[in-house]
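Colleague: Each chain is listed here by its residues.
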Amino acid sequence: MGALVPADLGELLRTRVLRVRRPVWGRGHGRHASRRVGLGLDFRDHRGYVPGDDPRQLDWRAVARRDRLVLRQTEAEDELSLLLVLDAGANMAYGEGAQSKLAVARALVAAFAWTAIRQGDRVGLVISQGDEVDAALARPAAGRDRLDAISRRLAGLAPRGRAPVRGLLARVAPRLPARTLIVFVSDLLDLATQVDDASAIEGELLGGLAQLRARGHDLVVLQTLHADELEFPWDGARLVRFVDPRGLRVDVEGAASSLRARYLERLGAHLRELEAACETNGLMLARVRTDASLGQTFATLLGRLAGDPGAAVAP
Amino acid sequence: MTLLAPALLLGLLGLAIPIAAHLLGREPPRTIPFAALRFLLPDDPTVTRRRALQNPLLLAIRLLLLALAVLVLARPAALDPSGVAIVAEPHDAVILVDGSAGMTLRVGEQTLMQRAAERAEEVLGALPPDTRVGLLTSDPDGPTLEPTADLDRVRDTLQEWIAAGAPRPGAWTMAEAIPRATALLGDAQADRKRVIYAVSDPTQGGLAGLTSTTDAGVLVVPLSVVAPDATPPTHVGITEVTWASAPEIDPRAVRITARVHRSGGGDDVLTVLLALAIGDQEVTRATVDLAADATESVEFTHVLLGEETFAAATLSLDLPEDPLPIDDTRHAWLSADDAVEVTIVNGDPSELRAHDEVFFLATAVGVTDRQQRLRLVSLAPDQLESRIRERGDRALAGTDVLVLANTRAPTEDVSPAILAAVQRGMGLWITMGDRVEPDAYNARLGPVLPLLLREAVQVGTAPGLAQARIEGFAPPDLSHPVFRGWGGELGLTGAQVRKIVLCEPDPARRATIALSYTSGAPALVTRAAGSGRVALLTTTVDRDWADLPLRPGFVPLATAVLDYLGDSGANARSASVFVGEPRALRGDAGLTITTPDGRELAVAVGDAGVATFAETFTPGHYRGDAETPITFVVAVDPRESDTHWQSITATDDTDGTRAAIALPRWRVLVLLIALLLAAESLLRLGFGARRRPHP
Chain X
1 MGALVPADLG ELLRTRVLRV RRPVWGRGHG RHASRRVGLG LDFRDHRGYV
51 PGDDPRQLDW RAVARRDRLV LRQTEAEDEL SLLLVLDAGA NMAYGEGAQS
101 KLAVARALVA AFAWTAIRQG DRVGLVISQG DEVDAALARP AAGRDRLDAI
151 SRRLAGLAPR GRAPVRGLLA RVAPRLPART LIVFVSDLLD LATQVDDASA
201 IEGELLGGLA QLRARGHDLV VLQTLHADEL EFPWDGARLV RFVDPRGLRV
251 DVEGAASSLR ARYLERLGAH LRELEAACET NGLMLARVRT DASLGQTFAT
301 LLGRLAGDPG AAVAP
Chain R
1 MTLLAPALLL GLLGLAIPIA AHLLGREPPR TIPFAALRFL LPDDPTVTRR
51 RALQNPLLLA IRLLLLALAV LVLARPAALD PSGVAIVAEP HDAVILVDGS
101 AGMTLRVGEQ TLMQRAAERA EEVLGALPPD TRVGLLTSDP DGPTLEPTAD
151 LDRVRDTLQE WIAAGAPRPG AWTMAEAIPR ATALLGDAQA DRKRVIYAVS
201 DPTQGGLAGL TSTTDAGVLV VPLSVVAPDA TPPTHVGITE VTWASAPEID
251 PRAVRITARV HRSGGGDDVL TVLLALAIGD QEVTRATVDL AADATESVEF
301 THVLLGEETF AAATLSLDLP EDPLPIDDTR HAWLSADDAV EVTIVNGDPS
351 ELRAHDEVFF LATAVGVTDR QQRLRLVSLA PDQLESRIRE RGDRALAGTD
401 VLVLANTRAP TEDVSPAILA AVQRGMGLWI TMGDRVEPDA YNARLGPVLP
451 LLLREAVQVG TAPGLAQARI EGFAPPDLSH PVFRGWGGEL GLTGAQVRKI
501 VLCEPDPARR ATIALSYTSG APALVTRAAG SGRVALLTTT VDRDWADLPL
551 RPGFVPLATA VLDYLGDSGA NARSASVFVG EPRALRGDAG LTITTPDGRE
601 LAVAVGDAGV ATFAETFTPG HYRGDAETPI TFVVAVDPRE SDTHWQSITA
651 TDDTDGTRAA IALPRWRVLV LLIALLLAAE SLLRLGFGAR RRPHP
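Protein chains in written order, with my numbering: chain X, 1 to 315; chain R, 1 to 695.
Please note: incorrect hints may appear among the correct ones.
[What the hints assert, rightly or not] From chain X, some residues computed to sit far from chain R (all C-beta separations above 12 Å):
1. D8
2. K101
3. A214
[To be verified] Derived contacts from chain R toward chain X, CB cut-off under 7 Å, selection only:
4. P29
5. T31
6. L37
7. R38
8. F39
9. L40
10. G686
Think of the hints as simulated: they come from the structure by calculation, not from any bench.
All values derive from a computational prediction rather than experimental measurement.
Glycine residues also receive a C-beta, built at the ideal position from the N, C-alpha and C atoms.
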């Protein structure tokens, strides 16, 4: 796990916990607020005693004050089900070393997994690449073994091929435990499987995620983007040939200056569209720049998950 | 390969201009794997194509054209592969071209003569300026040109000579031609070198026989017309034709033996057809199988028809593809009757035939089947002397062999005539006896004697050898030409010799000992003197000193010696000379000789009754007129068809004044340029046609 997570992020992870804003519906006792009244420590409410209630829950002070039998109800704390979905297609390969999109995405996934496992939550991992979906670790599970398995899986990961979106949703959706936190990590730049179906598949993905949201799951979309993709640093009369790493689209060659303006325009439009769609569908969209501090990014993420409204969507 | 103007190669830098223009314009685009390709749209599609090569082939061809043009200007030249160097400073030179028949050898598509012309041209082209060049060929009739600065004249002369049919048989060898070339160069000027460029093939008669400098200090540069490591082509030729009458078959039968030689060749066995023609009519054919470098004999037997004394026989190989055709045909005059006139001078005539010197010899000759060939005339010594005094040299003109049997030495006024006759080709056989005075012989006939005589001794008189009063003959030297065709026992075993004349050993006389006594003293010594041959028997031919005539071997010995001596002379059987050799003819008055090509040439007869016919330049049959039945053939010297190429060591460049011959190699480049220009035009045409629909 140490190899996957940069030092500053690792330092951060020691002190932070993963909390979600909404109550969860776990199977066992955890540290997340549960939809259910439970055996936690935090006071929730009083209610009148009805025969059959556990007498141990009587709030004797309240009984004395109100002169009738009152039960003290406390918050239940449930464990969280976390599903990490990672796009590891060749499109994620861009960048150098730790700055590559996949490296950043992997670090974030590892950080999520580590944080969750440490606090007893159950974690699942789905990796999609090379036209197939690796769902071997998809069923969330807790414990050291799971963390090790995830670590191994992530450590041997290399960007490859295209990440299928349709198959991914079909594989993941039916098996999800209730109220799962789904973290979908991708660059969301080009999900096309054919030359002309990028928008359609994107809509399909967002629709699918929205359905999951509607079924009570929490959804976080982590869009990892490299600075070059956002800023298009190439300029001038030099010839540049852009090659699709996934081998889908024809190469584009030309003077960078002639490409830049329209690229930035179209990219901005795409990103705005994406934000709007996520907003509409109640998906939490977090954009991660690979050159930003990972620790900062992750802290912000945790904050937003916990309900801190301060964090903005766009980096 | 070298360049005569290497500085011009700098022009190749010009090649960089179009390439640089292209490279600068066409920087390879930086390739970026980019995930967001979806958002990239090239604005102007022509931006990416503008600097692409429209036709790389055209560019390549034009670049090649440019490079070739520069290369031609730089004048590439190959250094001569044989490593021969010419003198680099201005000098006087004679180009000596081999004009021998061997130069007609076809190697590949060219004859050696054509190559020699090219070679001479190369030398002329490579000579430093201000060099004077003369021309000489080894053909005695070939052109001779004094050294001149006008090289074109040399070229023209050479071309004219070759166009006039050179080469031909009968040329000098190169070694023989060198002194003539030296004479052509004249005396040395103090500051100019004298050089002979010898253009020939590397055979013994060509370059292999040359030295690197002549006696006069002229440098000889051998220029071989063949590559140093080339192997000569295989060819077949007739090296010798001999014939002999075969009276055991028919009185007019002759047996003709041709020796066919195959030079070179591999493991295969070549079967060639050899045809015999008498006159114009082909009589018979024979096949002969020849392995590589083998000589085979082919024997024909032919019975002469008609009444003609001589029949013109032609032996020819049926080999149209032979690279050296000049030795594929040989000629011979066949005759059933070719007499050798033998004059025997009897020094010791006797009433008793058994004691007569001539009796045994005449009897021995008479019993052989050569009876018809050897015609004996017997004379007394004073008869011979008086004849010579009367008629001078002509007295011996009709004699092929003169036998001096136990004769006192010819007188001083007579002996010069005998010596001259021997020099002209007469055979002379001297036998010993009591009348022989060794000192007188040494004084008067010494120049032709095989060995000088000492004194007559009784054998076995040496100290301690008193008992052995007789001596026999040691086994003969069968390799001696006298015994040609003999084998094993001569029939002389048991001969007893009581007295011999000792001889003075003298290696300078080049005498060969055919037969010697058991003591080692020479018994029969022969020597070639001039054109004639001389034999010396150191004992008697009758029974005075030995019982030799009683031995069965005496008959063949006497015949063989007379045959041998008669063979050298001007008789019909050996009447074959090589091309170019003068032919000595006997006759009283003027002669007319008909050549193979039908010309009739008159020959004047000299004082000695001998005419010299020198126009022997065409191989074939020569004959005299009806009154003088003279026939002879002219054949190609087998040495001229020698194709054993030897390695020629280039003369050392000790003084560093020589430069390698540069053979121009740019002509082919010019041709290439023309081809490329054509290709370029075609390509442009095609390219333009392809582009026109898309302006």
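Colleague: Under 7 Å, Cβ to Cβ, is where R/G686 needs to be relative to chain X, so tell me if that hint holds or is violated.
Modeller: 28 Å, violated
Colleague: Hint validation: R/R38 versus chain X, beta carbon distance must be below 7 Å. Holds or violated?
Modeller: 4 Å, holds
Colleague: Holds or violated: is there a CB of chain X closer than 7 Å to the CB of R/L37?
Modeller: 5 Å, holds
Colleague: With a cut-off of 7 Å on the beta carbons, see whether R/P29 makes it to chain X.
Modeller: 4 Å, holds
Colleague: Regarding the hint that R/F39 lies at the interface with chain X, is the smallest CB-CB distance below 7 Å?
Modeller: 4 Å, holds
Colleague: Are R/L40 and chain X close enough, Cβ to Cβ, to be under 7 Å, as the hint says?
Modeller: 5 Å, holds
Colleague: Test the statement that X/D8 is away from the interface with chain R: the closest C-beta pair must be farther apart than 12 Å.
Modeller: Correct as stated: the minimum Cβ-Cβ distance to chain R is 26 Å, above 12 Å.
Colleague: Hint R/T31 vs chain X: min CB-CB distance below 7 Å?
Modeller: This hint holds: R/T31 lies near chain X, its Cβ roughly 5 Å from the closest one there, short of 7 Å.
Colleague: Minimum C-beta separation from X/A214 to chain R exceeding 12 Å: can you confirm that?
Modeller: Non-interface label on X/A214 holds, nearest chain R Cβ at 29 Å vs cutoff 12 Å.
Colleague: If we take the beta carbon of X/K101, is the closest beta carbon in chain R still more than 12 Å away?
Modeller: 8 Å, violated
The structure fails to meet hints 2, 10 from the earlier list, while all remaining hints are met.
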